[in-house]
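If you read the sequences in order, they're chains A and B.
Its first residue numbered 26, the first sequence is counted upward by one per residue in the working numbering.
Its first residue numbered 578, the second sequence is counted upward by one per residue in the working numbering.
Hints in this document: simulated from the structure, not taken from any laboratory.
From the three backbone atoms N, C-alpha and C, an ideal C-beta is built for every residue, glycine too.
Heads up, some of the hints might be wrong.
[To be verified] Capping the alpha-carbon separation at 25 Å, the derived lysine-lysine pairs in DSS-like fashion look like this:
no., chain 1, residue 1, chain 2, residue 2
1, A, LYS93, A, LYS103
2, A, LYS103, B, LYS674
3, B, LYS674, A, LYS93
4, A, LYS93, A, LYS49
5, B, LYS646, B, LYS580
6, A, LYS49, A, LYS103
7, B, LYS629, B, LYS580
8, B, LYS674, A, LYS49
[Claimed, not checked] Here's a subset of chain A near chain B, in silico, CB distances under 8 Å, partners left out:
no., residue
9, THR38
10, GLU39
11, GLU43
12, GLY67
13, LEU122
14, GLN130
15, TYR131
16, GLY133
17, GLY135
18, LEU139
[Unchecked claim] Listed below are several chain A residues computed to face chain B (Cβ distance under 7 Å; list not exhaustive):
no., residue
19, SER56
20, LEU68
21, PHE99
22, PHE116
23, THR129
24, PRO134
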Amino acid sequence: DAGVIQSPRHEVTEMGQEVTLRCKPISGHNSLFWYRQTMMRGLELLIYFNNNVPIDDSGMPEDRFSAKMPNASFSTLKIQPSEPRDSAVYFCASSWLGGRGKETQYFGPGTRLLVL
Amino acid sequence: DAKTTQPPSMDCAEGRAANLPCNHSTISGNEYVYWYRQIHSQGPQYIIHGLKNNETNEMASLIITEDRKSSTLILPHATLRDTAVYYCIVRVSNTDKLIFGTGTRLQVFP
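I would like the entire structure built from these sequences, with the hints used as guidance.
Have a look at this one:
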């Protein structure tokens, strides 16, 4: 398996523009997570899905952020409009939630976002 | 949610064992301890996890105290490639959430 795939790997945009980050989880996994990492705040969980359904979005910073998972093999994280403080590395991770409490999350390489 | 406490940084000589401590005094009986690491500019990488018993895999060993209030990650023969930030995480009960703290920055030197 190729692992978790994220695109783009780097994104530079101007304030006010819409940004869409994409993630393809590992085939067969049923949970997907979006994280954001900055120097100031470390690694934060934004939202996670189980069986394509959002389970916990309490980490989503504000209404400018939205995430979707239309099917088991694809998810997007959208920022509209983007602001300079959104600059960060955004990671996607996936896992198999089998109810046994031993699930392991596998992370993608991340998308490095810079908003000017 | 159980919180974890780790030293901010540690050094280790190449070839020696690296012992990374973690305190999780408020852990509940059904919460697992996970260890991940993050090498510069990469996504976090799973290392090992455990509940009560000590665990070992090809990467590391995990020693959990009998009262489960602390644990130690052991890299038996550290290499320069093990230089990374190591996160000790207590997985939130009945959820799939991992709450990352600030971790321990391990520097392996020649």
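Tested hints:
1. A:LYS93 x A:LYS103: Distance of about 8 Å is within 25 Å: holds.
2. A:LYS103 x B:LYS674: holds (21 Å)
3. B:LYS674 x A:LYS93: Holds, at about 18 Å.
4. A:LYS93 x A:LYS49: Roughly 12 Å between the alpha carbons, so the hint for LYS93 (chain A) and LYS49 (chain A) holds.
5. B:LYS646 x B:LYS580: holds (11 Å)
6. A:LYS49 x A:LYS103: holds (15 Å)
7. B:LYS629 x B:LYS580: Between LYS629 (chain B) and LYS580 (chain B) the Cα gap is close to 17 Å, so the pair holds against 25 Å.
8. B:LYS674 x A:LYS49: holds (19 Å)
9. THR38: Interface hint status for THR38 (chain A): violated (20 Å vs cutoff 8 Å).
10. GLU39: Nearest chain B Cβ about 24 Å off; hint violated.
11. GLU43: violated (24 Å)
12. GLY67: Where the cut-off is 8 Å and the nearest Cβ of chain B is about 6 Å from GLY67 (chain A), the hint holds.
13. LEU122: Since chain B brings a Cβ to about 5 Å from LEU122 (chain A), closer than 8 Å, the hint holds.
14. GLN130: holds (6 Å)
15. TYR131: holds (7 Å)
16. GLY133: holds (6 Å)
17. GLY135: holds (5 Å)
18. LEU139: Result: violated, 14 Å to nearest chain B Cβ.
19. SER56: At about 5 Å, which falls below the 7 Å cut-off, the nearest Cβ of chain B leaves the hint on SER56 (chain A) intact, so it holds.
20. LEU68: Nearest chain B Cβ about 4 Å off; hint holds.
21. PHE99: violated (18 Å)
22. PHE116: holds (5 Å)
23. THR129: The hint holds - THR129 (chain A) has a Cβ within 7 Å of chain B, the shortest such distance being about 5 Å.
24. PRO134: holds (6 Å)
When each numbered hint is compared with the structure, violations occur for hints 9, 10, 11, 18 and 21.
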